[in-house]
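> Sequence:
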Amino acid sequence: MNNHKTSTRPKVVEAVYPVNPVDYHGLITYTALPASKLPMERLDPFIFLNHHGVQRFGPNNKGLPFGPHPHKGFETVTFIVEGDLVHKDSTGFESNIKAGGVQWMTAGRGIIHSEQSSAEFMRNGGNVDILQLWVNLPARLKSSAPNYIGLQKDQVPDLTLDNGSVTIHLVSGLWEDRKAPILSLSDVHLATVGFKEGGTVDIPVPGDHSVLFYVIKGNVTVNGASAAAHNLVVFGAGEQINVEATSDALILFGHAAPTNEPIVARGPFVMNTQAEIDQAYQDFQQGKFGGWNH
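Residue 172 in the working numbering sits at position 183 of the sequence shown; the count goes up by one each step and never skips.
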């Protein structure tokens, strides 16, 4: 994230959207984006956000239900708050990221991947609390080579503020000129921010950037508006966000310049035209996303 200190106008809170859970193959899922009253383009490049959990899985469970499937035209960022996640993809890569870690995958011109629980988790059980965000790529980057970065908890640096009451877990971009471990293709700034009750932070953001603000746990006041767990906050004009935690809390925060391009999303593909979507399905069916050798 990038702290810009040129303005202190508070960003207007346009709406706070509560997100209701649904059952997805036995997995409790909150789909914060896209929202029924919020067009996909409104928070571009942040176009999709699923929050799975918190949910307790008993011993000898089946784990997460995300077997091999394709993607093209965007990036996925997965935050493992609790549980673990085994990533496999058609480039032959495999990793197991545990609680506190992050997965960043560039689908680009096309990839097949799966995201499932480890054998250990399925045997022993435990809590699942996992979020997946889709970040749109501009047209000039939609044919980028597929790539995957997996960060364990100790590879996600922390920035501590407000006498230890606020901890920013840096994922991508900059914060006060401090580089996060991932510098994204399209200058996306992302972090999770943990609060102790009463903790407060001011976050400057460029006025022309889209802002992602989702409450994972707890309760906060943001620019005078109350937001609770599973709430998505949408902002209007301004450049300053003040957050105060009214309980222990954890939020997902990001900002980035919108692509300002048409968005056509169909299933696992996000492109600019329907013709490109049709081509993506054809490319997948012709095996151009690689093989599955796991």
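Worth flagging that the hints you see were computed from the coordinates, not collected in a lab. Any given hint might turn out to be false.
As the list claims (entries may be wrong) - The calculated label-pair distances, taken between Cβ atoms and stated as ranges, are: (1) Val43 / Asp191: 22 to 30 angstroms; (2) Gly280 / Thr149: 16 to 24 angstroms; (3) Pro48 / Ala226: 29 to 37 angstroms; (4) Gly279 / Ala108: 36 to 44 angstroms; (5) Arg(-2) / Arg112: 19 to 27 angstroms; (6) Trp281 / Asn49: 21 to 29 angstroms; (7) Asn231 / Gln275: 50 to 58 angstroms; (8) Trp281 / Ala214: 26 to 34 angstroms; (9) Ala226 / Arg45: 52 to 60 angstroms; (10) Gly280 / Val1: 45 to 53 angstroms; (11) Glu186 / Glu3: 25 to 33 angstroms; (12) His283 / Arg31: 30 to 38 angstroms.
Each residue gets a CB set at the ideal place from its N, CA and C atoms; glycine is no exception.
> State for each hint whether it applies.
Going down the list of hints, with the structure as the test:
no.: 1; hint: Val43 / Asp191: 22 to 30 angstroms; in the structure: 29 angstroms, holds
no.: 2; hint: Gly280 / Thr149: 16 to 24 angstroms; in the structure: 45 angstroms, violated
no.: 3; hint: Pro48 / Ala226: 29 to 37 angstroms; in the structure: 51 angstroms, violated
no.: 4; hint: Gly279 / Ala108: 36 to 44 angstroms; in the structure: 24 angstroms, violated
no.: 5; hint: Arg(-2) / Arg112: 19 to 27 angstroms; in the structure: 53 angstroms, violated
no.: 6; hint: Trp281 / Asn49: 21 to 29 angstroms; in the structure: 26 angstroms, holds
no.: 7; hint: Asn231 / Gln275: 50 to 58 angstroms; in the structure: 51 angstroms, holds
no.: 8; hint: Trp281 / Ala214: 26 to 34 angstroms; in the structure: 46 angstroms, violated
no.: 9; hint: Ala226 / Arg45: 52 to 60 angstroms; in the structure: 42 angstroms, violated
no.: 10; hint: Gly280 / Val1: 45 to 53 angstroms; in the structure: 50 angstroms, holds
no.: 11; hint: Glu186 / Glu3: 25 to 33 angstroms; in the structure: 27 angstroms, holds
no.: 12; hint: His283 / Arg31: 30 to 38 angstroms; in the structure: 37 angstroms, holds
Of the numbered hints listed earlier, those contradicted by the structure are 2, 3, 4, 5, 8, 9.
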